[in-house]
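Going line by line, the protein sequences match chains A and B. Take any residue in the first sequence, note its place counting from 1, add 3, and you have its number in the numbering used here. Take any residue in the second sequence, note its place counting from 1, add 99, and you have its number in the numbering used here.
To be clear, the hints were calculated from the coordinates, so they are not data collected in a lab.
Cβ-Cβ distance ranges computed for the label pairs, FRET-style:
#	chain 1	residue 1	chain 2	residue 2	range
1	A	Trp133	B	Asp130	49 to 59 Å
2	B	Leu140	A	Asp55	49 to 59 Å
3	B	Ala298	A	Leu265	49 to 59 Å
4	B	Leu238	A	Leu38	26 to 36 Å
5	A	Ile261	B	Glu146	24 to 34 Å
6	B	Leu238	A	Val36	34 to 44 Å
7	B	Glu291	A	Asp55	40 to 50 Å
8	A	Asp197	B	Glu291	32 to 42 Å
9	B	Phe194	A	Tyr46	15 to 25 Å
10	B	Leu140	A	Tyr279	29 to 39 Å
Backbone N, C-alpha and C fix where the C-beta goes; we use that ideal spot for every residue, glycine too.
The lines below spell out each chain.
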Amino acid sequence: MNGSPAETKPKAVPWPAHEEPSRNGLANYGLFVALIALFLWSYDGSEIRLGDLFSREGGAQIFAYIKGLFPPDFSANVIREAVRGTFETFAISFMGTLMAATIAFALVFFASRHLIYSGLLYELEPKHGWSRSLRMVPYLLAKGLLNFLRTVPEMLWALIFVFIVGLGPFAGVLALAVHTGGVLGKLFGEVLEDIDQQPIESLQSTGANKLQILFYGIVPQALPQFISYTLYRWEVNIRVAAVLGFVGAGGLGQRIHIAISLFLENQLLTYLIFIYALVTIADYLSAYLRRRVI
Amino acid sequence: MNSPALPSYSKAEQSAFPYLFTLFFLIAFVDSWRRAEVSPLLFLEAEGRNNLWKFLTGMFPPDLSANFLGLMFRPAMETIQISVMGTLIAIVIGFPLGMLGTRTFSASGVLNEVDTLGSPTRRAWGYLVYFGARAVLSLFRSIPEFVWAFMFVRAVGLGPFPGVLAIGVAYGGMLGKVYSEIFEAVNDRPLEALQSTGANRLQIFFYGWLPQVLPNFISYTLYRWECAVRASAVLGLVGAGGLGQQIEISMRMFNFHEILTLLGILFIMVATVDYISAKIRAVL
Chain A
4 MNGSPAETKP
14 KAVPWPAHEE
24 PSRNGLANYG
34 LFVALIALFL
44 WSYDGSEIRL
54 GDLFSREGGA
64 QIFAYIKGLF
74 PPDFSANVIR
84 EAVRGTFETF
94 AISFMGTLMA
104 ATIAFALVFF
114 ASRHLIYSGL
124 LYELEPKHGW
134 SRSLRMVPYL
144 LAKGLLNFLR
154 TVPEMLWALI
164 FVFIVGLGPF
174 AGVLALAVHT
184 GGVLGKLFGE
194 VLEDIDQQPI
204 ESLQSTGANK
214 LQILFYGIVP
224 QALPQFISYT
234 LYRWEVNIRV
244 AAVLGFVGAG
254 GLGQRIHIAI
264 SLFLENQLLT
274 YLIFIYALVT
284 IADYLSAYLR
294 RRVI
Chain B
100 MNSPALPSYS
110 KAEQSAFPYL
120 FTLFFLIAFV
130 DSWRRAEVSP
140 LLFLEAEGRN
150 NLWKFLTGMF
160 PPDLSANFLG
170 LMFRPAMETI
180 QISVMGTLIA
190 IVIGFPLGML
200 GTRTFSASGV
210 LNEVDTLGSP
220 TRRAWGYLVY
230 FGARAVLSLF
240 RSIPEFVWAF
250 MFVRAVGLGP
260 FPGVLAIGVA
270 YGGMLGKVYS
280 EIFEAVNDRP
290 LEALQSTGAN
300 RLQIFFYGWL
310 PQVLPNFISY
320 TLYRWECAVR
330 ASAVLGLVGA
340 GGLGQQIEIS
350 MRMFNFHEIL
360 TLLGILFIMV
370 ATVDYISAKI
380 RAVL
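The following block holds chain A by itself, in its conformation from the complex:
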C-alpha cells in the first residue's frame, strides 16, 4: 500500500449497481436453464389443458357456471344457515387461535435457546456440566414438538381430529390450535431472540431469580409482539376456518361443501359473500387492535 489518495483510481459512480456482478455468467445461465427445466417438467406433470379452459366449449361452461351463481339465494333459510355458519367460523377461529397462543406460550420458553441453556442467564455456570446437558432435553423436546405441529397442515390435523373427536366444529378448533400453536411458537421464539438483554442483566445484578427475570424482564418486553403475531395469525385462521368444513369440521366450509356438491350455486354465492364480509371485517378488526396494542 503506497498509494496516496491522488494515485488511487477514481471510483466509478455505480448506477444502478451493475458494475460488480455478484456471480459469474455461467451460474446465471445455469439457474436460468434449471428454472426452464423445472417449468417444463411441471407443465408436463400437472396435466395442464389451458386449451380446454379457453376453448369455446370450456368458456361456455365456465360462463354458464358463473351465470348460475346469480342471483345469490337470499331466502330466509339460507341466510339463517349462512349467519350460523359465519358465527361458527368465527368461533372456531377464535377458540383455535386462543388455544394456539396458549400452546405456543407454554412451549416457547422451553424452546428458546438462551432462556433454557445458554446465554446471559447461564454465563456463571460451567459450560460442560451435566445440568447443562439435562436442560438440553426440554429444549429439544419443545423445539421438536413445535416443528412437528407446524409441519402438518391444518387440513390434515382436521382430518385426524375428526377421527378422534368426531365430526363438528371442535375438531376444527383443535386442528387450528395445534397447527397455529406450532407456527406461533416459531414466531414467538423469534421475538424472544430479539429482546433487549440489558433489562435482564440489570435484573440479574439485583439478585432476581430466573422466574423473576422471566416475568419482569422478558415477558413485558415480548408481550406486545406476541399479541400482534397472535392477531395476525387469527386473520389467517379466519380464512382457514372457513374451509375446514370441507373435511367435516364445521363452519361455513361445511355449508359450502354441501352447496357445491349438490350444485346449489345460488346458495354458494350467498356463502361466499358471507365469507368475504367476515374476512374483511376480521382484517379491519385485527388491524385496529394491533394499532391499539403496539
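Starting from the known structure of chain A, arrange chain B on it as the hints suggest.
Below, chain B without anything else, positioned relative to chain A:
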C-alpha cells in the same frame, strides 16, 4: 420503542378501551365456546380415548415398504409440479393486475402527470382501472384456495389441473396485492430523471421501475411458492391431485401407518423446497 421500565399501560388507562375490550372478549369467548362445541372432556371419555389410542398406535411402525414408497413417488412429484405451475399462473395473473392496481402506475404519479393534467376523463379512466384491478384481486384472494379447487374440480374434472388453477387464481390475488404494495414503494426520482431525459413510458418502466422492484418481487414470489407447496399437498383432499388425495384415501381406510409415512414425505418435501428457496434468495 416501549421502555420495559414503563410498560405501555399508561396510555391505555385513560380510555374505556380496556374495559370494552375485556367485555367483548369475554362475550366472544363464552359464545364461541358454545358455538364451537368445545369439549375437552371428549378426550377423557371412552370413545375419544380409544380413538386417540387407535390413531397413535396405528401410526407405528410407518409403512416403509418399497411398494408403498414407490406408489407415493408420483403423487409427491405431482405436488411439486402443481405448486410450480400454480405459482407461475399466479405470477401471470398477479403481475399485470398488481401493476394496474398501483395508483402511481395507472392513475397518478410521474408516469401519468402529463396526461392527466388537463384531462379529467383520462384521470377518471385511470382511477377506474385502478379500482377495477384492486377489486378483482380482492375477489381472487378472499375466496379460499380450497373453494377455488373444489369449483375447478367441478369445472375441469379431477386431477392436478384444478389444483394448478386454484393456486393460480387464489395466489394470483395475494401476489397481485403484495406486488402493488411493492410498486407503490418505488422511488420516484429515477423515474423523474428518466422522464426529463425524454424517455418514453416503456423505457421509464424498464429502466426506472423494474430494477427497483425486482429483488423484493422475486423474494416474495419464492415465499409464496413455499406456501404453494404446502397448499398443493392438501388440495388433493377435494380431488385436486397430489399427495393430499393419498392422505385422504389412507385416512378414510384407517391406514394410519401410511399416514405417518406420508407425513414424513411431506416434511422432507417442504424442508427441501424451503432450503432451495432460501438458497435462491441468498444468490439474488
